[in-house]
Amino acid sequence: MPVPDVKEKFSGVVHAVTIGATSEQGGSRTRTVTIGGETGLPMLSFEAEYPHRPAFALEVNTAGADDWHSQARKHVGEVAADLEKWAARCEEWGADLVCLHLDAAHPDLGGRSPEECADDVKRVLGATGLPLIVWGADVDEVDNNVLPKCTQAAAGENCLFGTAKEANYRTLAASCLADSHKIIAEAPSDINLSKQLHILLGDVGVNVQNIVMHPTCGALGFGMVYIYTTIERGRIAALGGDVLMQQPVVVNMGKEIGRVKEATSPDEDAPQWGKLDVRAPLWEAATAVGYMEAGAELFIMRNPEALQQAKTAVEALWPKA
Amino acid sequence: MALTGLDIYKLLPRTNCGDCGVPTCLAFAMKVAAKQAALDECPHVSEESQEAAGAASQPPQKLVTIGSGDRALKIGNETVMFRHDERFHHPCGIALLVNDTDDLDARMETVRSLSFERIGQIIDVDTVALNCASGDGEKLQEAAGRIQTELSLPVVLIADSADKLRPAAEGLSDGRPLLWERGGPSDALVELAASAKLPVVVEGDLEKCDADTQKAKGAGVEEMVLCPGEVSPLETLQFLTVTRRATLRRTYRPLGYPVLVRAWAQDPVQQSLEGCHYVDKYAGIVVLEVDSPEYVLPVLVTRQGIYIDPQVPVQVEAKVHEINNPTETSPLIVTTNFSLTYYSVLGEVEASRVPARILTVDTKGTSVLTAWAADEFGPEQIKDAIEKSGVFDQLGEGYRKPIIPGLVAVISGELREELEQEVIVGPKEASGLGRFLNNEWPKLVG
Ligand code: B12
Ligand code: SF4
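Taken in order, these protein sequences are the chains called A and B. Mapped onto our numbering, the consecutive letters of the first sequence carry residue numbers 1 to 321. Mapped onto our numbering, the consecutive letters of the second sequence carry residue numbers 1001 to 1446.
None of these hints come from the bench; they were simulated from the model. Built from N, CA and C at the ideal position, the CB exists for glycine as well.
Here are the in silico distance ranges between beta carbons for each label pair:
hint : chain 1 : residue 1 : chain 2 : residue 2 : range
1    : B       : A1133     : A       : D108      : 57 to 63 Å
2    : A       : Q25       : B       : G1183     : 52 to 58 Å
3    : A       : D108      : B       : E1380     : 23 to 29 Å
4    : A       : R123      : B       : G1120     : 44 to 50 Å
Pairs of lysine to any residue residues, derived as SDA-like cross-links and limited to a Cα-Cα distance of at most 20 Å, are as follows:
hint : chain 1 : residue 1 : chain 2 : residue 2
5    : A       : K255      : B       : S1431
6    : B       : K1208     : B       : A1188
7    : A       : K320      : A       : F46
8    : B       : K1208     : A       : D5
9    : B       : K1428     : A       : A63
10   : A       : K275      : B       : E1289
11   : B       : K1428     : B       : E1376
12   : A       : K261      : B       : S1431
All chains should be built: construct the whole structure from the sequences, respecting the hints.
Here you go:
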């Protein structure tokens, strides 16, 4: 008896989303990044197409990196006071994109004004040719004041802006539409909430093909497996033809690593766990590859060493296009 | 073809003795029908019934037992491709590669050290893959014997020919080692495994595995483990997926065995990442050569996560937990009954050496923010839990000041009103608790 043919053909496809615009496209990026486009579950090239590799962004934060765990700070510490240097360094570290977090707009972290935030965006765009993700301060009112100024400042650059949430999506959706940016739709750990949000965004005119979804996330051993399953279920639905789940997935995971003791405790506190300078980046890389296995295709990380490790793993794993 | 629960029920003794671990014969029959149990797990089923049921009553993926006693490794018998469809049942073995020429005492010490307590469970390297580097079967047997007796762990024996495996296989068959002849099994190994009744590794691509398992089965080998050999991580993952699919979706029994893989990458970081991948995607045994905790721990934690039953929240009892012998002046820490949350907090409180009470509110096993967002960890629920537990009665007048997680600082005002007591907002992460309890708490009750 021959080995049965177990190939599966799916009716759905993950949308390909391109971030960034080069000068020909009206922007100033030196390259663009496209994620998505898969026609099957992760990495099964015997039955499906994988036109684009997962992409990796490094976080640059307007609030600096003082509260980052020691091993991430070790790398970014010397540039963390200077957004432009930091962004430029991301490129050297091998990032595919820069993700600018606007935490300093948070009232507890300095309450940077919308104009100042827009200037931050401009300066980062000037400092690197990489495509840009811009992430708000995760406070609704603040984001609504700040993000429209930032989408304007980055008009033409085809950035990815986040996040739009069910309770707060209109302002960001409108400004992304006006300034032609892609948008991150964030719905915590639940497929139905995601679909609902995509409908709402569609209703205000956002093309579902311009959405990247964020199911929120936890680190390996710290809630990850729940989100792994959320992503995997969502992907199966997408491939089964559910157009509301066909968006590529981003995980903003850098900050989650800092919560895990195994990844951050000093050697003297935890000799049984081995060397911290190995543990910390590896934990972050392992979190990324775990999510990749579930279907995520864009990873926002903090530790450049972890980014390099995860990228090397992707080299060995991701089917050649 | 497939038998219904009722068909199977008719083949059982119908005494409801419970020896199969299920209370009634009918319930057991249902499990067999759902391919979650094998008919022969009922110790009283007659041979005629077994024959009548035939192969149709067997789960499509064979359960393979390696080793013996408490620490035997049972792998296979998986029923789903995705954990959300049910759950993954038999946690894969994580095996450390050891050479029979190594300093065995040192290597066994290393294996022992790769054991960690996490969320109230022990997670450890639970298998040894012993390679016949000496090229001497007697030497392999001696090393395997020591590992079996001194570590009590299941052993995978690796050699390049059947005759090198023979002494250990024959001499140590009670310990049920898994026999891995590289590139095998040869006819000689099949014969050896059949007569010693031991599980064997069938190594090669899909076609070779398909042919070899049928041949070995025909020769009387019952338990087998597939292995794709030294191929790229991508090919390994695809092998794992295809064999699992052929088994579960097509009930194709020649590939209906668990899979052993080795993480081959030379770079230890990449080897560890490979291990994590294989654990998530269907491996039955993952062999690692890296042996320092920083590389092994992520693989163990990945296994702990992926084998959690997604239907059953991982929770601890909702009650007052007394830590370090608290008195009436000890702090009261409020948290949820999600195991991950509770053990994170417990670890810090224990390490702080401050005697304390931890009240776990019944949030149906969810984390602080998940529970808060789902209305399971608000002022009312916390107040109820405090009142029901009677914990205030154990505390002196000025000490009835519950400490709540910093992540739910927003509820402190309302909780204060509900309780008519002062409420203290703790740090956001449990890691800040040690310092908080030692330095700040005394001032707050001062
Ligand atoms: C895994 C997860 C889930 C899992 C739940 C797993 C579980 N058993 O809890 C699932 C997928 C089921 C889930 C569902 C939902 N989730 Co959820 N989920 C997460 C996720 C990714 C991780 C949570 C986690 O495991 N944390 C780890 C544990 C250990 O952390 P912890 O409990 O907070 O404990 C730490 C501290 O609080 C501290 N601590 C704990 N106790 C104490 C006590 C004291 C005194 C002190 C000082 C400290 C302290 O110590 C611990 C270690 O530092 C988070 C996002 C994130 N990264 O945090 C979202 C998150 C918690 N979820 C969220 C939401 C909204 C939901 C839903 C309500 C969405 C929905 N579908 O409606 C549902 C609820 C469903 C329900 N009815 O139960 C939101 C909450 C938003 C908010 N700010 O309130 C979050 C923050 C995501 C987000 N950014 O929006 N979720
Ligand atoms: S062991 Fe056999 S006879 Fe006893 S309850 Fe189970 S199925 Fe019935």
